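Student: The lines below spell out each chain.
There are 2 protein chains.
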Amino acid sequence: RNDALRRTNQKFLWRCVLLCVKQSFALPTWVHCILLSPVQVANNMMDMDQDSRKRLCFADGRRKVDYVLVYHYRKRSSVRGSPSQHRLSIISNGSYPLGVEEKDQEGGKDEPAEVVVDVGPPDPADGEKIMIREEFEGNLKDAGLEIEHDKENKAHGHAFIRLHAPWQVLSREAEFLKIKVPTKKVRHSRLLHDEWARYGAFYKYQPVDLIRKYFGEKIGLYFAWLGVYTQLLIPASVVGIIVFFYGWATVETNIPSQEMCDEDQNFTMCPLCDRACDYWHLSTACGTARASHLFDNPATVFFAIFMSLWAAMFLEHWKRRQISLNYSWDLTGMEEEEEHPRPKYETILLQKRQRKKKNKKNKNEVVTLNVFLPSQTGHEKLTWRDRLPGYLINISSILFMFGVTCSAVFSVIIYRITISALMAMSPDPEVKSNVRVTVTATAVIINLVVILILDEIYGMVAAWLTELEIPKTETNFEERLILKAFLLKFMNAYAPIFYVAFFKGRFAGRPGDYVYVFNDYRMEECAPGGCLIELCIQLSIIMLGKQLIQNNIFEIGIPKLKKLCRTLKDKERAPKEIVEQPGRRQQWHLDYDLEPFDGLTPEYMEMIIQFGFVSLFVASFPLAPLFALLNNVIEIRLDAKKFVTELRRPDAIRAKDIGIWYNILSGLGKFSVIINAFVISFTSDFIPRLVYQYMYSETGTMHGFINHTLSYFNVSNFKPGTVPSITSLGKDITFCRYKDYREPPWSTEPYQFSKQYWSVLAARLGFVILFQNLVITMSMLVAWVIPDVPKNISEQLKKEKTLLVDVFLNEEKEKLQLIQSFRGFDSPGASPHARQVCFSL
Amino acid sequence: RNDALRRTNQKFLWRCVLLCVKQSFALPTWVHCILLSPVQVANNMMDMDQDSRKRLCFADGRRKVDYVLVYHYRKRSSVRGSPSQHRLSIISNGSYPLGVEEKDQEGGKDEPAEVVVDVGPPDPADGEKIMIREEFEGNLKDAGLEIEHDKENKAHGHAFIRLHAPWQVLSREAEFLKIKVPTKKVRHSRLLHDEWARYGAFYKYQPVDLIRKYFGEKIGLYFAWLGVYTQLLIPASVVGIIVFFYGWATVETNIPSQEMCDEDQNFTMCPLCDRACDYWHLSTACGTARASHLFDNPATVFFAIFMSLWAAMFLEHWKRRQISLNYSWDLTGMEEEEEHPRPKYETILLQKRQRKKKNKKNKNEVVTLNVFLPSQTGHEKLTWRDRLPGYLINISSILFMFGVTCSAVFSVIIYRITISALMAMSPDPEVKSNVRVTVTATAVIINLVVILILDEIYGMVAAWLTELEIPKTETNFEERLILKAFLLKFMNAYAPIFYVAFFKGRFAGRPGDYVYVFNDYRMEECAPGGCLIELCIQLSIIMLGKQLIQNNIFEIGIPKLKKLCRTLKDKERAPKEIVEQPGRRQQWHLDYDLEPFDGLTPEYMEMIIQFGFVSLFVASFPLAPLFALLNNVIEIRLDAKKFVTELRRPDAIRAKDIGIWYNILSGLGKFSVIINAFVISFTSDFIPRLVYQYMYSETGTMHGFINHTLSYFNVSNFKPGTVPSITSLGKDITFCRYKDYREPPWSTEPYQFSKQYWSVLAARLGFVILFQNLVITMSMLVAWVIPDVPKNISEQLKKEKTLLVDVFLNEEKEKLQLIQSFRGFDSPGASPHARQVCFSL
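Chains as they are written, first to last, in the UniProt record's numbering: chain A, 1 to 841; chain B, 1 to 841.
Just chain A, with the same shape it has in the complex:
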């Protein structure tokens, strides 16, 4: 026990090899950090070849290479892009107070403002660069790191510097980070690549512990989250399939669709467009009515409730998993570090300070412009005034993007309206019969393409907008970026779906008083089977298309292409060296050729948008969880492969949770409740059917429902020029029917909304209230019943604490005895000094 205590006090840790290198290292632009790529490390470690292991060590063959820096000797590298210009400002050419660099490394624990010194022009000359670099290396050495240089080789284009973090440094840093001693047994790490990054392993659990050990907590958490999500998709898919089959099995016994298909009840429907369209029989829409029943049946209501609870359950389950992982990864005591401010923030702050100083000086007419007083300005920061323009641009840009999305949706609508009108007027009967299929298919594909293109654009816009806001720290930046990107991409992906679900066909007007756009084209209506089936088609195509295309093209194709480009460029640039020194190509040369790591945001974003498809409109498409599940099984392995073999090894970042993504998830979960309530009550025919059955039906059954939903229209009320020109049915028709609840032509208020309309509306709204409050209450209950901390973990924690207390008590006693033996026990007041005495010995 005493041994355990000592170890606890010393708080050393093996794992800090990964942890002590942090992103906030404040490197110059032209320094690239690469970590050894996973596959090769694994291979090297496995075959235990003495020679190749040596290659991963310093020249003395003993000290391990923990980190590799790359210097470029060209002008600023094109890989980093333009925003990195500002990064230069962080590098000091003044003198650091001793020990500041150490803090820098830890995320800048105090007065980072003092460190910043203006470096003058943003493009320093080569000589200046070398000076900066030497100082940087000097600081690294001061911090206790050991450095090994390559032989300088300017023609090569970049030089590698290898760092080794000695044990002493690691344990000191670990102590600051409050890393705990691993008290649990960890199974040995074998071959990550084979265990995880294969498609064949799809049925196995992911080796999350290994992932975390290799990539750090942040990426480990992502894969753990993805695992939990995918796992919970399984029950959801199963229930979804059951619901779907329930619809499939009951389609024959469903009275409304039977009535629609019944050719005896020959409802003559009003034409769907002016002049060109003919009257038509409702029984021709039999097919869509039957298809519609597959998704629009009472089981759907149950499924929507189920999925809302599922979402709540998922969040709770993840919370528990997260706490388990925190425990087993020894993160329970981890505290938030104060982060180093972003270079950009520092620059702007510096500019502001200088401007202020200048103003001051101009006023006082003092000439000593070069005097710099860091102590005065240490407490300055950017206020909302400095950020106001950024915020304004932000809000207006987001509104503008919102407009862009809406107009994209609207243009697709216009496309659909015009094309279908044009095609309907075409004399070719072949064209005419295919109108709906052609138009719907092309429109959805256009939609999909627009979504994919805007998705990329919005990603860039969000980054640009966040940069304008000048967030202080990297975490801050990431959160804001994620929130904005999510807003924009969410809007983009869902705008057409929202349109179909809630707006399509609702502004079409009624026969004789249709709504026109551009004075010429009628607003489109839903298919006779109802909007739900269209929503379902739209949803499935966008979901599948987005996933397939993003997986194949964006995640596999483009990185490969980029890599190819880079390799070609490098070859062009320095063909000689490679040919000359093939034997000298070290591990770090190979790793440098890999793609740099861009952060987890795109991976999370893809999954969250998918979660939206699964939760938001699940009432209209019960198969969504199944498609998501299939996608994710592939996605996990694809991501794994990418991380292990395609990307440079990312810096390990500690993280306790998945951050803002959790909030977004829980927000989506809440939003999905109201959306599903509206889909069920307004998009589907569930409520009208219920109202008919219990309020209007004389037999208490659904017989006569179709007749009840159709209003009468007197064909003599058609406006001039809108009567069907060529008609096969309309010879002796006086009344045609249309789907709406309006007064018949013979009532006192013809074509006004009827009492049925209002009672159905009231029922729909009442259902929304009922559904929403019921589901919210149930979700809260679920969240309340499932404890956040799993029982075994909380017990484990208590046990550990008890152990600590025991050790402590024993030590206390020993110490007391020690003191007593030294100078006797004279008064009770002596004991608090006991420790002090021990220390000063």
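None of these hints come from the bench; they were simulated from the model.
Bear in mind that the values here come from a model prediction, so they are computed numbers and not experimental data.
Mixed in with the good hints there might be a few duds.
Stated by the list, open to error - Restraint ranges, calculated between C-beta atoms of paired labels, are given here:
#	chain 1	residue 1	chain 2	residue 2	range
1	B	T268	A	D262	51 to 59 angstroms
2	B	N792	A	I234	18 to 26 angstroms
3	B	D262	A	L774	44 to 52 angstroms
4	A	P750	B	E263	34 to 42 angstroms
5	A	T701	B	Y694	32 to 40 angstroms
6	A	I541	B	L399	47 to 55 angstroms
7	A	I234	B	L468	36 to 44 angstroms
8	A	V515	B	G403	50 to 58 angstroms
9	B	T748	A	T701	55 to 63 angstroms
10	B	T777	A	I733	29 to 37 angstroms
11	B	G700	A	I733	39 to 47 angstroms
12	A	T418	B	T748	54 to 62 angstroms
13	B	L770	A	D262	52 to 60 angstroms
14	B	Y694	A	V515	16 to 24 angstroms
We put the beta carbon where it would ideally sit given N, CA and C, even for glycine.
Position chain B relative to chain A; hints supplied.
Tutor: Chain B in isolation, oriented as in the chain A frame:
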């Protein structure tokens, strides 16, 4: 800095005088703990009289009395009541392992099951008692406490034992509790009583720090919470008054109430009861219509939104305040302790274990019944099986109580219906004219009395039910008790209000088809001015009555009465001693005469029920916050006075937050949103007015609204025997009017709900959805915008951390130098052993 470090390491604390004595001390039933009463301590400290200070010390005049135990020499005291019988089981008559008592004191850190040994009969003889007591004292001495006895004086009835906790013990315990060193300056404590417990000080902030220092964190938090709540009631009251005055100012220009009062528009209304009632003119209800406008105007909608946001703001504000307090009271690092199981739980567990053992033994037919194997049974616990009967009784009892509440409400309704019917039939015109006033007043008073009586009963029932559930720890017990008591009391207080708000008048039927109860009496209707005014009256009377009566009778009167009783009893019992030894009456004798402390639950409960009045139905009664504010200003000082002078000083309990009360508050806040939405849309006339103005009014103004809301009834459709017998107006009437949206007699569906009815219903429901989602979104926004941790606190915390790191770093360096000077610096691996070396020196 080094000094600060040492102090941190030693973690001593002055304040543990209060903290090391905890409720989980596991005292025998007949041991009472009293702490010195506040006023006298304060007085004694103030006048600095050497003699009286000595009285608070041990006989040696140096050691302070920290805690006083009282032994009764009679049979079990009646003060503790029956449940304490079971407390005996915790006291062991076996041998404790050394140091277990220490843990006991700290809340039982490990294997509490081993401590329990059966003491046999629940009523131990006096000799056994003394044995147990001696062992108990022995354990206290083992734990390091020092004890001083009174001279034993059996005739006296009770003996006092004074405890002193030496410095050494305090610092050890403080270390376990992770109490931090006070690093901030605390202003000196002057005279709590004068600063706080006076009515005159109502305008001042409460000296929360002093309260906490004296009473401990838990009570400190209660008063801080009460302070924040009261403070935030100020803006709410101001806005409420403004809303009320807005209604008052616009009553003259309000068209609906003008129309109602207009005697030219002489609407002849249908009689409100069968036979006895006459037709009446609407203009006679002018008064209530005007009064109704005071509370039912557009500003009310705004106020309801405002109050929902206010509730969200209050919760956020409290969170911040709590964190500030946690910081300034050094609770930030406090961890949850594992609590000692409750004696009752232990007893039941023991019984179960013995039963099991018995069964086992019966099977094996082993005769050695007295062998006890604690190690085998250490991991047993009560499962849901053991608790099932308790849960079942719980659920059924709560349902039964629910039934009781409902039937209480229903009987008041019946009372109202019958009395008004009887009075209406009375020939005396004096009686007749006062029907409504008399009935309403008496009914509300009956309601109030029923509520107050049931409140007390429910409190006891909740305690009994919780006892049945056998919760493991005291905290657990408290939480379950609070939840149950809250549910029952909430239901009790709000059932009549819910009835008036949502049910009254909705099941009354229509003229010619009234709904009857018991075949004789008609269901009651709301007053002609609308139900809102009745709701308002009900609400104000219950709220005011409950507060006044509870404050005066329950909080002041009853304790005084109890004290009187106790004093009388004591005098009867032992009149001689007091007469004989008046000079020997010590402080603890005086304190023992005070009322014991019962916990904070009643105080919180009162405030939470009040919070319900302020938030739930605020749409109907904007003055509620004002009344609450007035009550609380008095309440704070009343509670303060009670705590300081009327009660024994409660044991100090550490607490980080207000526990389950926060959840109840936030639940009430959420519930209030939907309730207010329903009150506005269904109880008030807000929506019908809007619908009329924008859908039916020809001029776009409110003119004609009253006419629109009244339906026609053909008097020839009255059922036989229900026509008014004596009538002054009904001579030549063919149609009378009633307030409802139904088809006129001449329509095709006479007396069915009209289209207006459905459209208004749809609008009402739509409003509920809109209001609910709008307010929820805004509340979430408020909660999101206001950061949980105040900025200065988070900065302070960071600074402290930086300081600690610096100290740590310096120490590290010094140590390294020390080691180097000892044996030189040979390898990097030596450093982790540095500390070890230092320790072993």
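Student: Now tell me, hint by hint, if it's right for this structure.
Tutor: Evaluated hints:
Hint check: T268 of chain B to D262 of chain A, Cβ distance near 53 angstroms, so the stated range 51 to 59 angstroms holds. The hinted range of 18 to 26 angstroms is not satisfied by N792 of chain B and I234 of chain A, whose Cβ atoms lie roughly 49 angstroms apart. Checked against the hint of 44 to 52 angstroms, the pair D262 of chain B and L774 of chain A passes, with Cβ atoms roughly 45 angstroms apart. Distance hint check for P750 of chain A and E263 of chain B: the Cβ-Cβ separation is about 40 angstroms, which falls inside the suggested range of 34 to 42 angstroms.
Checking the proposed 32 to 40 angstroms range against T701 of chain A and Y694 of chain B shows it holds: the Cβ atoms sit about 38 angstroms from each other. With their beta carbons about 51 angstroms apart, I541 of chain A and L399 of chain B fall inside the hinted range of 47 to 55 angstroms. The given range of 36 to 44 angstroms is respected by I234 of chain A and L468 of chain B, whose C-beta atoms sit roughly 40 angstroms from each other. For V515 of chain A paired with G403 of chain B, a C-beta distance near 56 angstroms keeps the hint of 50 to 58 angstroms intact.
T748 of chain B and T701 of chain A have their C-beta atoms about 25 angstroms apart, which leaves the hinted 55 to 63 angstroms range violated. For the hinted restraint 29 to 37 angstroms between T777 of chain B and I733 of chain A, the CB-CB distance of approximately 50 angstroms leaves it violated. Between G700 of chain B and I733 of chain A the C-beta distance comes to about 40 angstroms, which sits within the given range of 39 to 47 angstroms. Take T418 of chain A and T748 of chain B: their Cβ atoms lie about 46 angstroms apart, and the range 54 to 62 angstroms is violated.
Between L770 of chain B and D262 of chain A the Cβ separation comes to about 41 angstroms, which falls outside the hinted range of 52 to 60 angstroms. A C-beta distance of roughly 21 angstroms is found between Y694 of chain B and V515 of chain A, which places it inside the suggested range of 16 to 24 angstroms.
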